[in-house]
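Generate the whole structure from the sequences, applying the supplied hints.
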Amino acid sequence: MPFEYAPAPESRSIVDIKASYGLFIDGEFVDGHGKSFKTISPSTEEVLAEVAEADEADVDAAVKAARKAYDKVWSKLPGRERAKYLYRIARIIQERSRELAVLESIDNGKPIKESRDVDIPIVAAHFFYYAGWADKLEYAGRGTDPQPLGVAGQIIPWNFPLLMLAWKIAPALACGNTVVLKPAETTPLTALLFAEICQQADLPPGVVNIITGAGGTGQALVAHRGIDKVAFTGSTEVGKAIARTVAGTDKKVTLELGGKAANIVFDDAPLDQAVEGIVTGIFFNQGHVCCAGSRLLVQESVAEELLARLKRRMSTLRVGDPLDKNTDIGAINSAEQLARIRELSAIGEAEGAGRWSPECELPTTGFWFPPTLFTDVTQAHRIAREEIFGPVLSVLTFRTPSEAVEKANNTPYGLSAGVWTEKGSRILSMANQLRAGVVWANTFNKFDPTSPFGGFKESGYGREGGRHGLEAYLK
Amino acid sequence: MTATPTILGSGLDEVTRSEASLRQFLHGLPGVDQVGAEARAAGLGTRSIKTTAKAYALDLAIRMVDLTTLEGADTPGKVRALASKAMRPDPADPDCPSVAAVCVYPDMVATVRETLGGSGVHIAAVATAFPSGRAALDIKLADTADAVEAGADEIDMVIDRGAFLSGRYQQVYDEIVAVKAACARADGPSAHLKVIFETGELQTYDNVRRVSWLAMMAGADFIKTSTGKVQPAATLPVTMIMLEAVRDFREQTGRMIGVKPAGGIRTSKDAIKYLVMVNEVAGPDWLDPDWFRFGASTLLNDLLMQRTKMTTGRYSGPDYFTLD
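Protein chains in written order, with the working numbering: chain D, 42 to 516; chain W, 12 to 335.
Hints in this document: simulated from the structure, not taken from any laboratory.
Hints are supplied without guarantee of correctness; some may be wrong.
[Unchecked claim] Facing chain W, from chain D, some residues (calculated, C-beta under 8 Å): (1) PRO43; (2) ALA47; (3) LYS154; (4) PRO311; (5) LEU312; (6) ASP313; (7) LYS366; (8) ASN483.
Note that this is a predicted model, so its numbers are computed, not measured.
Glycine residues also receive a C-beta, built at the ideal position from the N, C-alpha and C atoms.
See below:
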């Protein structure tokens, strides 16, 4: 008799989703002037709420509120006072962590075990970390009297909605800036709950403004004359458009864009842990991770054994209801993203790569894609070059360390890389040669607020996290 | 050198020909990254096992218990009581399964045998100068033969950790082979051999992986973490490394070896974490008392309490379960 895990759903009753949401401007929820749009649950396609779509007038109101708060209140507060608010926000996030985790999983589709054990704890940690910096900025290596930039316009993606919000808002506020933040249109709900948390923390009105909307809203924000800084995380395509928009202005920009990371496994690697790292690298968050290890580079002498182990491990992955505590892989975030993953996978097959997925039953409603790997992939395949942003792994092989480096770096991106070997000296030599912002050794997709994160080449510029992350918000 | 016919044809018989080839093989096994292994074990520990799955797991865990008493103060009365409990863990519920085995010192085997009769509950005896294993080989073999003769159908031997840690792999190997031979019974099937590593003394996961392969190649039927006399005893990551070893060994040789974590597993919650790990690391074939055991004493009552709670919806106090 098999050991069938009975459904173990996390209760939804802790979250209270309103029928409609306005914009959070100057400390209050206000109706937008524009239209509204629906946000749905990607696992059920159920409509969760109507959300206001901010138009140019709304963006203008938000930027003005942020400017007023910056001039009158926030830039004048001593660092230790700003820190108090950030600590308070961090504590409220911890207190309401279950609510935030459930809401994130409903709106985004990611498994509850990830929102509960990864996203939300790191969100709180990020606020705690930057709260600690707020009164120590003169020790950040930016001179003895570093100053904030002013108003930051921030645009975040849908893959880690609240976490990306934390990466943007925590350092900005710690440095004395005020912000206007636009969450992604498919995942606005935790940002709106964060707005409530700002109210609960008595954060002065206008310090944080949250405006919802799609690409048009984002464009209006980036182009607004009243902002001093643009911080964007998202696709390379949009990142380039943003860079063009701000060219010729004195706005500072940081961009965190796409990636096509190589996860490099040498023949002396700890194989069972490497398999776990490959799984974490590409199937964590349904592969909706800009630094995902989407290219597995494995040394030919262990390729066969490693692939057998990887396939066996993939067969134990549980795909399904994001709120089930035993789910490993949740729903694809949107119909649009699912279509892109399907399209690129079909191209992979057409180009002759070997496609494999474990047997797994997918739910009938919602957006789903099974964990998939492609073997016999070469650098010439599109699935080895383009970011798929889904649970799809391309497997390539190499013979020598120098070939591994050559292949790993042969991409327009450079966000992250992984190295698996028991040999310490090889880890260091590989890390020196890999052109990637983060190089993980014998692990993958590990995040910590103290560690800077950012890209080389088309993966963007600027760093978030750590002391380096302060530079983006100080002058 | 001793030939082990069970692994002939798998390519491993060459390995055990000499000290040098044995060392080369064991040191050539893929390493274990400590941080990664512990993270994986902890991740499996977050599985949420509820309702029907929990009921299944509790009954299975009861059937896998090697109910153990290994005290200097053990008396015939004490082990008789334990044996009775092994057959009928919950006197109030005839549907409650019996445990897998009773585990005692060799001199108590005959007493246990009388009590258990033909109940189907196995008798395991710890032998080979348990728990330290610090005795001459002929004494260890006599200890084993004595337990087998008294009626033990499972022998839990300890390896010579000193020999292993000083790199004398061949000696450890030969000792296991010799004890295995001493498990033979003239009038029936050989006693099953469980080989105890005392992983708390071997310490590194690399050592655990190497000793697992060493024992399996030498003919162990089961590999077991600990004596229960050294801390730490069984842990989830150590057991995971051993489950990976039996999984890989079956893949290479076709032969299936059992795993027994022992010591430190006290709650149902812990036991269920182990079962999840068995299921997802070694595979469902190992979810059977023939292939996975818990060496425990206090665990059983917690399993019984949880089992009663599943059927009645209420927790009863410890007074409602027998203390043995």
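Results of checking the hints against the structure:
{"no.": "1", "hint": "PRO43", "verdict": "holds, 5 Å"}
{"no.": "2", "hint": "ALA47", "verdict": "holds, 4 Å"}
{"no.": "3", "hint": "LYS154", "verdict": "holds, 6 Å"}
{"no.": "4", "hint": "PRO311", "verdict": "holds, 4 Å"}
{"no.": "5", "hint": "LEU312", "verdict": "holds, 4 Å"}
{"no.": "6", "hint": "ASP313", "verdict": "holds, 6 Å"}
{"no.": "7", "hint": "LYS366", "verdict": "holds, 4 Å"}
{"no.": "8", "hint": "ASN483", "verdict": "holds, 5 Å"}
Hint compliance for this structure: every hint is met.
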